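J.: We have chain A; now place chains B, C and D onto it with these hints.
Protein chains: 4
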Amino acid sequence: MKLFERLKADAAPQWVNYTQHEFVRQLGEGSLPLECFKHYLVQDYLFLIQFARAYALGVYKSPSVSDMRQSLEGVKAILDIELDLHIELCGKWGMSREEIENAPEDTPTMAYTRFVLDAGMSGDLLDLQAALAPCIIGYAEIGSRLTGQGADREGNAYRRWIQEYAGEGYQDLARGFASWFDETAEQVLTESRYPRVLSLFEKASRLESDFWQMGLNAQR
Amino acid sequence: MKLFERLKADAAPQWVNYTQHEFVRQLGEGSLPLECFKHYLVQDYLFLIQFARAYALGVYKSPSVSDMRQSLEGVKAILDIELDLHIELCGKWGMSREEIENAPEDTPTMAYTRFVLDAGMSGDLLDLQAALAPCIIGYAEIGSRLTGQGADREGNAYRRWIQEYAGEGYQDLARGFASWFDETAEQVLTESRYPRVLSLFEKASRLESDFWQMGLNAQR
Amino acid sequence: MKLFERLKADAAPQWVNYTQHEFVRQLGEGSLPLECFKHYLVQDYLFLIQFARAYALGVYKSPSVSDMRQSLEGVKAILDIELDLHIELCGKWGMSREEIENAPEDTPTMAYTRFVLDAGMSGDLLDLQAALAPCIIGYAEIGSRLTGQGADREGNAYRRWIQEYAGEGYQDLARGFASWFDETAEQVLTESRYPRVLSLFEKASRLESDFWQMGLNAQR
Amino acid sequence: MKLFERLKADAAPQWVNYTQHEFVRQLGEGSLPLECFKHYLVQDYLFLIQFARAYALGVYKSPSVSDMRQSLEGVKAILDIELDLHIELCGKWGMSREEIENAPEDTPTMAYTRFVLDAGMSGDLLDLQAALAPCIIGYAEIGSRLTGQGADREGNAYRRWIQEYAGEGYQDLARGFASWFDETAEQVLTESRYPRVLSLFEKASRLESDFWQMGLNAQR
Numbered sequence: 002m003k004l005f006e007r008l009k010a011d012a013a014p015q016w017v018n019y020t021q022h023e024f025v026r027q028l029g030e031g032s033l034p035l036e037c038f039k040h041y042l043v044q045d046y047l048f049l050i051q052f053a054r055a056y057a058l059g060v061y062k063s064p065s066v067s068d069m070r071q072s073l074e075g076v077k078a079i080l081d082i083e084l085d086l087h088i089e090l091c092g093k094w095g096m097s098r099e100e101i102e103n104a105p106e107d108t109p110t111m112a113y114t115r116f117v118l119d120a121g122m123s124g125d126l127l128d129l130q131a132a133l134a135p136c137i138i139g140y141a142e143i144g145s146r147l148t149g150q151g152a153d154r155e156g157n158a159y160r161r162w163i164q165e166y167a168g169e170g171y172q173d174l175a176r177g178f179a180s181w182f183d184e185t186a187e188q189v190l191t192e193s194r195y196p197r198v199l200s201l202f203e204k205a206s207r208l209e210s211d212f213w214q215m216g217l218n219a220q221r
Numbered sequence: 002m003k004l005f006e007r008l009k010a011d012a013a014p015q016w017v018n019y020t021q022h023e024f025v026r027q028l029g030e031g032s033l034p035l036e037c038f039k040h041y042l043v044q045d046y047l048f049l050i051q052f053a054r055a056y057a058l059g060v061y062k063s064p065s066v067s068d069m070r071q072s073l074e075g076v077k078a079i080l081d082i083e084l085d086l087h088i089e090l091c092g093k094w095g096m097s098r099e100e101i102e103n104a105p106e107d108t109p110t111m112a113y114t115r116f117v118l119d120a121g122m123s124g125d126l127l128d129l130q131a132a133l134a135p136c137i138i139g140y141a142e143i144g145s146r147l148t149g150q151g152a153d154r155e156g157n158a159y160r161r162w163i164q165e166y167a168g169e170g171y172q173d174l175a176r177g178f179a180s181w182f183d184e185t186a187e188q189v190l191t192e193s194r195y196p197r198v199l200s201l202f203e204k205a206s207r208l209e210s211d212f213w214q215m216g217l218n219a220q221r
Numbered sequence: 002m003k004l005f006e007r008l009k010a011d012a013a014p015q016w017v018n019y020t021q022h023e024f025v026r027q028l029g030e031g032s033l034p035l036e037c038f039k040h041y042l043v044q045d046y047l048f049l050i051q052f053a054r055a056y057a058l059g060v061y062k063s064p065s066v067s068d069m070r071q072s073l074e075g076v077k078a079i080l081d082i083e084l085d086l087h088i089e090l091c092g093k094w095g096m097s098r099e100e101i102e103n104a105p106e107d108t109p110t111m112a113y114t115r116f117v118l119d120a121g122m123s124g125d126l127l128d129l130q131a132a133l134a135p136c137i138i139g140y141a142e143i144g145s146r147l148t149g150q151g152a153d154r155e156g157n158a159y160r161r162w163i164q165e166y167a168g169e170g171y172q173d174l175a176r177g178f179a180s181w182f183d184e185t186a187e188q189v190l191t192e193s194r195y196p197r198v199l200s201l202f203e204k205a206s207r208l209e210s211d212f213w214q215m216g217l218n219a220q221r
Numbered sequence: 002m003k004l005f006e007r008l009k010a011d012a013a014p015q016w017v018n019y020t021q022h023e024f025v026r027q028l029g030e031g032s033l034p035l036e037c038f039k040h041y042l043v044q045d046y047l048f049l050i051q052f053a054r055a056y057a058l059g060v061y062k063s064p065s066v067s068d069m070r071q072s073l074e075g076v077k078a079i080l081d082i083e084l085d086l087h088i089e090l091c092g093k094w095g096m097s098r099e100e101i102e103n104a105p106e107d108t109p110t111m112a113y114t115r116f117v118l119d120a121g122m123s124g125d126l127l128d129l130q131a132a133l134a135p136c137i138i139g140y141a142e143i144g145s146r147l148t149g150q151g152a153d154r155e156g157n158a159y160r161r162w163i164q165e166y167a168g169e170g171y172q173d174l175a176r177g178f179a180s181w182f183d184e185t186a187e188q189v190l191t192e193s194r195y196p197r198v199l200s201l202f203e204k205a206s207r208l209e210s211d212f213w214q215m216g217l218n219a220q221r
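Chains as they are written, first to last, in our numbering: chain A, 2 to 221; chain B, 2 to 221; chain C, 2 to 221; chain D, 2 to 221.
Hint data in this document are derived by calculation from the structure and do not stem from the laboratory.
Among the clues, some could well be false.
[To be verified] Anything over 12 Å on all C-beta distances counts as not near chain D; from chain C, calculated: (1) Asp11; (2) Val66; (3) Met111; (4) Ala167; (5) Ser193.
[What the hints assert, rightly or not] Derived lysine to aspartate or glutamate pairs resembling DMTMM-like cross-links, with alpha carbons at most 25 Å apart: (6) Lys77(A) to Asp85(C); (7) Lys39(D) to Asp211(C); (8) Lys77(A) to Glu155(A); (9) Lys3(B) to Glu155(B); (10) Lys77(C) to Asp173(A); (11) Lys39(B) to Glu192(B); (12) Lys39(D) to Asp68(D); (13) Lys77(A) to Asp81(C); (14) Lys77(B) to Asp68(D); (15) Lys77(D) to Asp45(D); (16) Lys77(A) to Asp211(C); (17) Lys77(A) to Glu36(C); (18) Lys77(D) to Glu192(B); (19) Lys93(C) to Glu36(C); (20) Lys3(A) to Glu192(D); (21) Lys39(B) to Asp85(B); (22) Lys3(C) to Glu165(B); (23) Lys77(C) to Glu74(A); (24) Lys93(D) to Glu83(D); (25) Lys3(B) to Glu192(C); (26) Lys39(C) to Glu6(C).
[As the list claims (entries may be wrong)] Calculated from the model, a selection of chain C residues having no Cβ within reach of chain B, i.e. all distances over 10 Å: (27) Gly31; (28) Glu83; (29) Trp94; (30) Gly124; (31) Arg160; (32) Leu190; (33) Thr191; (34) Arg197; (35) Leu199; (36) Ala219; (37) Arg221.
Just so you know, these numbers come straight off a predicted model, no measurement behind them.
From the three backbone atoms N, C-alpha and C, an ideal C-beta is built for every residue, glycine too.
Bound conformation, chain A alone (with noise of 0.2 Å):
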């Protein structure tokens, strides 16, 4: 995780506002609103959907067959499996798959998704990947960290979220990820460069934290 964590250093005010959010500290807790998170599920469902568009950009954008296949993971597990375990999980709440397919964006879904689409249009691979990786490795971050402090006890409502994020497949998606990244910064990234890369990195994670913020504000 080697840009990764020299990314995460200079944006560490960006990452911890982020990562340590007063919606994943509620969540952790167990005590997020149920609406608060509902909220959040059915934006981040409508999110998924722009992200797989911008890991399929990542294919469109890889300069390699090698490159291909790694961005085709991302858009498989999105359109194969997470919108369909997010149409379960929202399921256990009563809500439809109508309601969450026709549930309109709310602003900082459409700020962040739109943002990082068009960073990896206009851009390279590596601007693409500075745009996703706040969310693919933050998650994992999340996860691991709820986890480690017990989050992930019986009783939490959210249990199965955390678990899923903390849970084996992710941790190896995001480490994946990370090291791919690198990969892609070894050929291309120069210290000229970097400080745009730092500043796509710090925007994407600002976005998220304005994305766990929207879910605070769904509590009436």
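T.: Same frame as chain A, now just chains B, C and D:
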């Protein structure tokens, strides 16, 4: 303004929220706190940079040389004229070019601009136009209405801004855009597709309201 | 195959040139020089890499999750299956993976693939499909016709290739694509737009003929 | 012209084939059949339309306002000036605007232009510049060399064309482009990436040779 009039009628709630927003009302009255306007103006500068990219995308997406030239007018208007006008206007209130160019983009600025860019990139020229229309034509409508209400009177601190958008130059540009939008629609718009075009128009109008609100929120 | 049938009829000269090209005739007879086929096969491998990018672009361009999944099937078919089949087939004639992957792209390969990618990027999903259709559906038609003529007889060195495209798997894929193409057209095709769609289809068909000709020209 | 000089040296075979192509030699001598030149000129008109799209893509891809303005110059040069010059020049040989605009694109025209557009869209600004460089700087070099050989003498039917590219206006534009290319490279070019940039430059140079050859082949 045929397609535009239809969209405006069908997106009436979003359109009214946007064009008659509290920010606009206070701007017309001259009661808008200066800090709100300044915040808006700096963000609008950053917005215009992205909008120039969206017009350039229009050149790339144009199916004919005549469409390319129409899009090019938009790029030129921003890069050759409007950006400098913003710098000049900001200068009157003591803001330097550096201050403006280095200001961080607010979330509503990112949400709106990246939404337009992605709508245009993923769709065709009509999709791009539908996402651009609320800004281009809405500002003309606002300028006109405020002037009709006498808001461009001497003594209104925002007189220059109002005159800019009420002026013949801008009104012509907006009319030209509306005709071009109609011509494209005559070529490619079907009734089955209309709901998607309307949705782009509604979202862009909503993102305009969020942009005004960002200005209002800058009040301490 | 409604839209496809109309396009095929209107682009009859280009369609006949492509699907009944001398290369195809000799391939059916088994008289095609091996060096022609090998040259074709290596270029087709390079072609498929770009075609996978085009399908990925389809995921990015899709207006619905269902369209995204349809496009994803195309990416998977190439990256998970077809590329390896080509390597295997090439291996039979003594070509190594390295040789294939490092072969320079011929001009007809570049012309065809980049044309499809640009048609898709600058237009919408229907434009992309119109540029993809001649390849996807044409190969099914060729496979079928050759088999009907008994070209897949034992002893024809190109039997395996013919069986691949005449087989149920590929025929289904082509039928599925044609239906999807029709569904998109029902949503977004107007008569005013039809000539542009036809032009994409004609150009792609012409580029297919150039691709066969490149194979024939490889004969010493 | 630092990066450009390095690329030119490393792609010497492709560069020499392109800039000293038989078409260029005959054009300098004045012995080039008129039908070859006319065919070239019409295709070059269609080429320029796509090149304007590529420059517009440069505006979209630019990481700074200053880069955006540099790209914009290219769009303006083509849409505001060069296209009309081509129409005028063609007019001298009895070709009408309609004839030119409705001419079908030849395969080498499609191969070259779509390659540049796709290289730019899938990569970053440097990739786009590397694909544009052979055309922009190569024409300046050809114009200069031919003039040095006295090819712009009265009586050479192609004198006007030679003067155009040997003239200060075009020479300045090419020098400006080369500096801009260098500035971008200073920001983002690594040694690991260099082979990919070289490959884009080589391919574009090869596609330039194919373009001249298309002109020569027009001879009956």
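J.: Are the hints correct? Go through all of them and say.
T.: Status of the hints after comparison with the structure:
1. Asp11: Its Cβ never comes within 12 Å of chain D, the nearest being 16 Å, so this holds.
2. Val66: holds, 25 Å
3. Met111: violated, 5 Å
4. Ala167: holds, 29 Å
5. Ser193: holds, 18 Å
6. Lys77(A) to Asp85(C): Judged against 25 Å, a Cα distance of about 19 Å means the pair holds.
7. Lys39(D) to Asp211(C): Holds, at about 23 Å.
8. Lys77(A) to Glu155(A): violated, 31 Å
9. Lys3(B) to Glu155(B): Violated, at about 35 Å.
10. Lys77(C) to Asp173(A): Roughly 22 Å separates the two Cα atoms, so the pair holds.
11. Lys39(B) to Glu192(B): violated, 42 Å
12. Lys39(D) to Asp68(D): Not satisfied, since the Cα-Cα distance of roughly 35 Å exceeds 25 Å.
13. Lys77(A) to Asp81(C): holds, 12 Å
14. Lys77(B) to Asp68(D): holds, 14 Å
15. Lys77(D) to Asp45(D): holds, 17 Å
16. Lys77(A) to Asp211(C): violated, 35 Å
17. Lys77(A) to Glu36(C): violated, 38 Å
18. Lys77(D) to Glu192(B): Violated: Lys77(D) and Glu192(B) sit about 36 Å apart, past 25 Å.
19. Lys93(C) to Glu36(C): holds, 13 Å
20. Lys3(A) to Glu192(D): Satisfied, since the Cα-Cα distance of roughly 20 Å is no more than 25 Å.
21. Lys39(B) to Asp85(B): holds, 16 Å
22. Lys3(C) to Glu165(B): violated, 52 Å
23. Lys77(C) to Glu74(A): Distance ~10 Å between Lys77(C) and Glu74(A) Cα, so the pair holds.
24. Lys93(D) to Glu83(D): holds, 16 Å
25. Lys3(B) to Glu192(C): holds, 20 Å
26. Lys39(C) to Glu6(C): Cα-Cα ~32 Å, so violated.
27. Gly31: holds, 44 Å
28. Glu83: With a cut-off of 10 Å, Glu83(C) remains clear of chain B, as the shortest Cβ separation is near 26 Å.
29. Trp94: holds, 42 Å
30. Gly124: Gly124(C) not clear of chain B: closest Cβ-Cβ about 5 Å, inside 10 Å.
31. Arg160: holds, 42 Å
32. Leu190: violated, 7 Å
33. Thr191: violated, 6 Å
34. Arg197: violated, 6 Å
35. Leu199: holds, 13 Å
36. Ala219: holds, 36 Å
37. Arg221: holds, 42 Å
In the structure shown, a violation is registered for the earlier hints numbered 3, 8, 9, 11, 12, 16, 17, 18, 22, 26, 30, 32, 33 and 34, in ascending order.
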